[in-house]
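Residue numbers for the sequence shown follow this note's numbering, beginning at 2 and rising by one.
Be aware that one or more of the hints could be misleading.
Unchecked claim - List of simulated lysine-lysine pairs, BS3-like, C-alpha gap at most 27 Å:
(1) Lys-129 x Lys-30
(2) Lys-34 x Lys-195
(3) Lys-146 x Lys-219
(4) Lys-194 x Lys-183
(5) Lys-138 x Lys-219
(6) Lys-30 x Lys-183
(7) Lys-138 x Lys-30
(8) Lys-30 x Lys-40
(9) Lys-5 x Lys-129
(10) Lys-129 x Lys-195
(11) Lys-34 x Lys-138
(12) Lys-219 x Lys-5
(13) Lys-5 x Lys-138
(14) Lys-5 x Lys-183
Claimed, not checked - Beta-carbon label-pair distances, calculated as ranges:
(15) Thr-159 x Asn-204: 30 to 36 Å
(16) Gln-32 x Arg-86: 23 to 29 Å
(17) Tyr-116 x Glu-157: 33 to 39 Å
(18) Pro-37 x Cys-175: 41 to 47 Å
Bear in mind the hints are in silico, worked out from the structure with no lab data behind them.
Ideal placement from N, C-alpha and C gives every residue a C-beta, glycine not left out.
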Amino acid sequence: MATKPILFNTQMVRAILDGRKSCTRRIVKPQWKECPNCKYVHNEYIYDNLAENVYCARCGYPLVPERRAPYQPGDILYVRETWERFECWNCEGDEKGNCPKEPKKSVLDKTCGCYMYRATDEISGDAKWHPSIHMPKEAARIWLKVTDVRVERLQEITADDIRNEGLSSAAVHCGDMEIALKEWEDLWNSTIKKSDLGRYDWNASPWVWVIEFERCEKMQEEHK
């Protein structure tokens, strides 16, 4: 078991907090093209979680660890999200936040403060949100436990999978697969860099790691 960070955008953070998201898809990089042993151009693979391996569907040649999944069942993930930290003015007040009439000091205390998150909070003034990639581990408020990992083509996604990814439109709940797929396509493509469109977008149907998870408490050792 390992403890690792995972990034989610604001929309997906809200879906996790609402209990709507229990799965995420991450691109396999680099993509498989053919088996180095038998040169078979693959349409499918066999993924074994226990062996942490992917095998050629024709000859059985192991294709991992060069394509090892970024997360494994049992791993603990802390979510990095768009954030800000507000430092407090230390005026030596009491624990209830009451400031003395004549404070002994009034300085910005970097040891005091609180974190805020774009998914649920609002900020004003000169404050600016920080990108999720820069969020420190100590600021993490969402912790996840990986329950399953598999590999598949992006377009193999099902109606249930789309719901588990956090989409919650009427089309998704009613099972209108045509509209639900279009919504998922738009969401997926919005996460792909322009330079990677054509390689990793919906139409390309790249190989993806499907990572299922559940909410969990912050691990005890993380409190130390």
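Verification of the supplied hints:
1. Lys-129 x Lys-30: violated, 33 Å
2. Lys-34 x Lys-195: holds, 22 Å
3. Lys-146 x Lys-219: Holds. Lys-146 to Lys-219 sits at ~10 Å (cutoff 27 Å).
4. Lys-194 x Lys-183: holds, 19 Å
5. Lys-138 x Lys-219: Holds, at roughly 11 Å.
6. Lys-30 x Lys-183: Holds, because 24 Å separates the two Cα atoms, which is no more than 27 Å.
7. Lys-138 x Lys-30: Status holds; Cα separation ~25 Å.
8. Lys-30 x Lys-40: holds, 19 Å
9. Lys-5 x Lys-129: holds, 26 Å
10. Lys-129 x Lys-195: holds, 25 Å
11. Lys-34 x Lys-138: violated, 36 Å
12. Lys-219 x Lys-5: The given pair, whose Cα atoms are some 12 Å apart, holds under the 27 Å limit.
13. Lys-5 x Lys-138: It holds: about 9 Å lies between the C-alpha atoms, which stays within 27 Å.
14. Lys-5 x Lys-183: violated, 32 Å
15. Thr-159 x Asn-204: 30 to 36 Å: For Thr-159 and Asn-204 the Cβ distance comes to about 19 Å; the hint is violated.
16. Gln-32 x Arg-86: 23 to 29 Å: Distance hint for Gln-32, Arg-86 is violated at roughly 38 Å.
17. Tyr-116 x Glu-157: 33 to 39 Å: holds, 38 Å
18. Pro-37 x Cys-175: 41 to 47 Å: At 45 Å between Cβs, range holds.
Hint violations for this structure: numbers 1, 11, 14, 15, 16, all remaining hints satisfied.
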